[in-house]
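There are 2 protein chains.
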Amino acid sequence: MIKSITKNPLYPIANPKSIAFFGASNNLMVMGSFILDSLLDFGYDGAVYPVHLKEPVVQNLKAYRSVADLPEIPDLAVIVVPTKVASQILEECGRKGIRHAVMVTAGFNEVGGEGVRMGRELVEIANRYGIRFLGPNCIGVTNPYIRLNSTALKFEGRPGFIGMASQSGSFVTQMFNYLRRYGLGFSTAFSVGNEANVDIVDCMEYFAACPHTRVITLYIEGIRRGEAFVKTARAIVPHKPIVAFYVGGTETGRRAGLSHTGAMAGPDPIYDGIFQQSGVIRASSIIEMFDFCWTLGALPEAAGTNVAVQTHSGGPGAIAADACGRAGLDLPLFSAETLTGLKEYIPHTGSIGNPVDITFSKDPQSFWYNIPNLLLQDRNVDILMMYFLEAIEMMERHMTRFMGWSPEKAREEGLRIIGAQADAIASLMKHHGKPIVGYTFRSLEEPFIQELYRRGIPVFPGPERAVRALEAMIRYKAIRAEMLSGDEREENGDSSSQVATGRYGRQVSVNL
Amino acid sequence: MIKSITKNPLYPIANPKSIAFFGASNNLMVMGSFILDSLLDFGYDGAVYPVHLKEPVVQNLKAYRSVADLPEIPDLAVIVVPTKVASQILEECGRKGIRHAVMVTAGFNEVGGEGVRMGRELVEIANRYGIRFLGPNCIGVTNPYIRLNSTALKFEGRPGFIGMASQSGSFVTQMFNYLRRYGLGFSTAFSVGNEANVDIVDCMEYFAACPHTRVITLYIEGIRRGEAFVKTARAIVPHKPIVAFYVGGTETGRRAGLSHTGAMAGPDPIYDGIFQQSGVIRASSIIEMFDFCWTLGALPEAAGTNVAVQTHSGGPGAIAADACGRAGLDLPLFSAETLTGLKEYIPHTGSIGNPVDITFSKDPQSFWYNIPNLLLQDRNVDILMMYFLEAIEMMERHMTRFMGWSPEKAREEGLRIIGAQADAIASLMKHHGKPIVGYTFRSLEEPFIQELYRRGIPVFPGPERAVRALEAMIRYKAIRAEMLSGDEREENGDSSSQVATGRYGRQVSVNL
Chain L
2 MIKSITKNPL YPIANPKSIA FFGASNNLMV MGSFILDSLL DFGYDGAVYP
52 VHLKEPVVQN LKAYRSVADL PEIPDLAVIV VPTKVASQIL EECGRKGIRH
102 AVMVTAGFNE VGGEGVRMGR ELVEIANRYG IRFLGPNCIG VTNPYIRLNS
152 TALKFEGRPG FIGMASQSGS FVTQMFNYLR RYGLGFSTAF SVGNEANVDI
202 VDCMEYFAAC PHTRVITLYI EGIRRGEAFV KTARAIVPHK PIVAFYVGGT
252 ETGRRAGLSH TGAMAGPDPI YDGIFQQSGV IRASSIIEMF DFCWTLGALP
302 EAAGTNVAVQ THSGGPGAIA ADACGRAGLD LPLFSAETLT GLKEYIPHTG
352 SIGNPVDITF SKDPQSFWYN IPNLLLQDRN VDILMMYFLE AIEMMERHMT
402 RFMGWSPEKA REEGLRIIGA QADAIASLMK HHGKPIVGYT FRSLEEPFIQ
452 ELYRRGIPVF PGPERAVRAL EAMIRYKAIR AEMLSGDERE ENGDSSSQVA
502 TGRYGRQVSV NL
Chain Y
2 MIKSITKNPL YPIANPKSIA FFGASNNLMV MGSFILDSLL DFGYDGAVYP
52 VHLKEPVVQN LKAYRSVADL PEIPDLAVIV VPTKVASQIL EECGRKGIRH
102 AVMVTAGFNE VGGEGVRMGR ELVEIANRYG IRFLGPNCIG VTNPYIRLNS
152 TALKFEGRPG FIGMASQSGS FVTQMFNYLR RYGLGFSTAF SVGNEANVDI
202 VDCMEYFAAC PHTRVITLYI EGIRRGEAFV KTARAIVPHK PIVAFYVGGT
252 ETGRRAGLSH TGAMAGPDPI YDGIFQQSGV IRASSIIEMF DFCWTLGALP
302 EAAGTNVAVQ THSGGPGAIA ADACGRAGLD LPLFSAETLT GLKEYIPHTG
352 SIGNPVDITF SKDPQSFWYN IPNLLLQDRN VDILMMYFLE AIEMMERHMT
402 RFMGWSPEKA REEGLRIIGA QADAIASLMK HHGKPIVGYT FRSLEEPFIQ
452 ELYRRGIPVF PGPERAVRAL EAMIRYKAIR AEMLSGDERE ENGDSSSQVA
502 TGRYGRQVSV NL
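Protein chains in written order, with my numbering: chain L, 2 to 513; chain Y, 2 to 513.
Next up, chain L with everything else stripped away, as it sits in the complex (with noise of 0.2 Å):
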């Protein structure tokens, strides 16, 4: 593995100073015509050197008849050229210096054929020029600390912890919306497409020593270097967690998978086997892969399975205690000192057991602050999982029906509130060190549970979710644990198989 990420071959590849573009035009119903526009868009700062026989200017940038024309040798080049163009492009790009490409062309090994042959043809003049090439028929990469998107679609995100390579580039451009509504980013995403030259092992490596990642996903429809991948991620899982999803376990997902990008998909066991060799924490949905990366890089580690549920009604508390019951989460007794404390809290209808439930308070704000800490502090008490119903609607009704205020000072209020009780969920979690998931019913875009993402607190549709993603967490923590304890018997003995430790730096665990 190599230890410094300047040294990694997608180090220009995700942080170019300067890139060649091949393949866009002033006719904007082309690939490349979109995939320039989403570049300039996002802002990218360094130099873009549009290619085009033709045009002299390409969406207002200064184009070139040659990339033998340059004035510079850029670090990358774009390539959406039709395919067989592609090699010839390769080629001048090597003639004139430059050493990392992102081939976005499609047409190769997954469409069978002469696509195999022009696939291998790429590889070769790679080899011949010393080019690292992501791709061929893939969407590109995304780094949002420098503004990079060389996507097809526009960013709409937010820079993030999450470090992505994708063997499908949907999962990359198509997921900048899905992450945002989350309060999620990506760190960097790779669209590996067929893997000609880089795979994902490679990004895996570049990831390990991206200071922005905290957590690593891959959407897998077929590893191509098993070995490799297996002997990688057992270095990393004792530093950052790697959560996967592969597609490729079904029949059907196979043929499909082949189809996509010519990956040779095995059946389910097998990769559970290499998943479980790997410390690799495996995923069911594409959903469930950005769930775990969430709980796993914005919570602080649970010490163990032990959860307070709060709610303020019976129903929401009994599917978040059967979801846990499911998963073998333990809803604990609380200590007697809690119990004392919550009974000031909670109406005789209510329910100071576990969950929580207190119905209808006459002091809402207790919600907020009173009893989340009561239960936090409680030595029993590993995970706090809250209900949330608030919506600033509710409020909103309240004060101009009952108290008589105009809609702009409700609302006005009614942000101030939120933002307030936000506030306090987020600084109990940090003040405690334990984690908290909410989950809802209401729109995850109301603004109070937009207002909690972005103090780092996951709020899941409903339990089951929160609990899965809570169970990532706590099976991530087992298997560092056991590779760890692993080191130590490997280091007091055969040293061969030695996993280095240490190389990374730690996790960082809090989101404030």
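Hints are computed from structural coordinates only; laboratory data are not their basis.
Hints should not be assumed to be uniformly reliable.
Identical copies go unnamed one by one, so any copy, or any two together, can satisfy a pair.
Said to hold, decoys possible - Taking lysine-lysine pairs in the DSS-like style, the calculated list, with each CA pair at most 27 Å apart, reads: (1) Lys344 to Lys55; (2) Lys8 to Lys63; (3) Lys97 to Lys232; (4) Lys478 to Lys431; (5) Lys8 to Lys344; (6) Lys155 to Lys410; (7) Lys8 to Lys85; (8) Lys18 to Lys97; (9) Lys85 to Lys344.
For chain L, the structure is supplied; the task is to place chain Y on it using the hints.
Positioned in the frame of chain L, the structure of chain Y alone reads:
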């Protein structure tokens, strides 16, 4: 079973012409005032008579010192008073001649001790006067078709086809907002609370006869009348599907349910047995419960399990194929005719296999009409699953950046295009009589998805939920077929346990 909806004891509870209201005042920080406000806010147009000892006017309505003073005998009493006075109020209602009540007041069986005695007292009074009542410890009823909402939260939804009986009031009142976001709604929903007098079996009978109800759904913490449940469900299921979410299957869930409504839960396998015997489809979460209702109520029946998946990206196609494979749904090969037709619309870098992957198409319109039309007319295809990426922002970006239109003109044109696309999809479903479901990772609150919802096309976040909801439809079809063939056998032999058919008319299964 009662054949006529008007003879069902719940009819006057769900369709009252006038209401006596106990426990509301001008002090707006009490539950009773909240509920009266909800009732008035939604615009219920029957007479509402607040009863209050001291205040002559409550929330702008003339109030009465005692129920005895009311100018008529109301159809319904809504009672939200302290536990200790609940039985006295019910007694006074009985004396006045009121025969139906919603007892919101809590503090009975669910708290044990003295509460149990007071709960028995309520039942005795009801029996003495022939009163039927919901609760205690419930949140009331909503019937959007007559703008009735006697629950704590403001009605935010629309009238729909889901008839719900819930042992948690939260999953009535707190779901208005949830269902509205999916374009769904309740036909009527009952919060049954402790079920002292009316239980979910009574509600099932009501919904069986309710013309607005296409799907019956139940939130269950414990079934009190097991035999009646099975018998009633078996009579209904051949005509209307029943979906249930049972929460008491784990020790943690059981304990939470007990302290919530005093219901005695049983282990999962017992409830699995009850549901199986009854033909009731079990959901594993609240969200899944409503997903099942959605496909069962909104879509035409699928002839089989063959799914065509249509995408414009390989990854989303692969995950849908994998999800189908895991659920036992098939992705068939297309007919030669379909393949020939598809070639016209799909570039060589795409795939005319199943999933169909159009990749980057120069004619986006083919995605919305020509391709799905080809797939739906293929005899090998029973169901169409479509991936939706389309966002109005992407169209607007194109029109403003590339075509130089004003933002206003672009938004107007964007909305027009979106409406036409949604129309095309809806008309294809109607024309071919085959179900279409969508999946996406964009916000479900975006205009395009909302337009699809309005036209009865379910769109799910990710393929897994879509597939599970399709599975529920397919399971229901099999259950119904088995039950009906069982009936035929019984008609030719032992008729003592004969299941009546044809009582409630055919299920209306297309929402177009």
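Requested in this report: If any of the earlier hints don't hold here, list their numbers in rising order.
Outcome: 1, 2, 3, 5, 7
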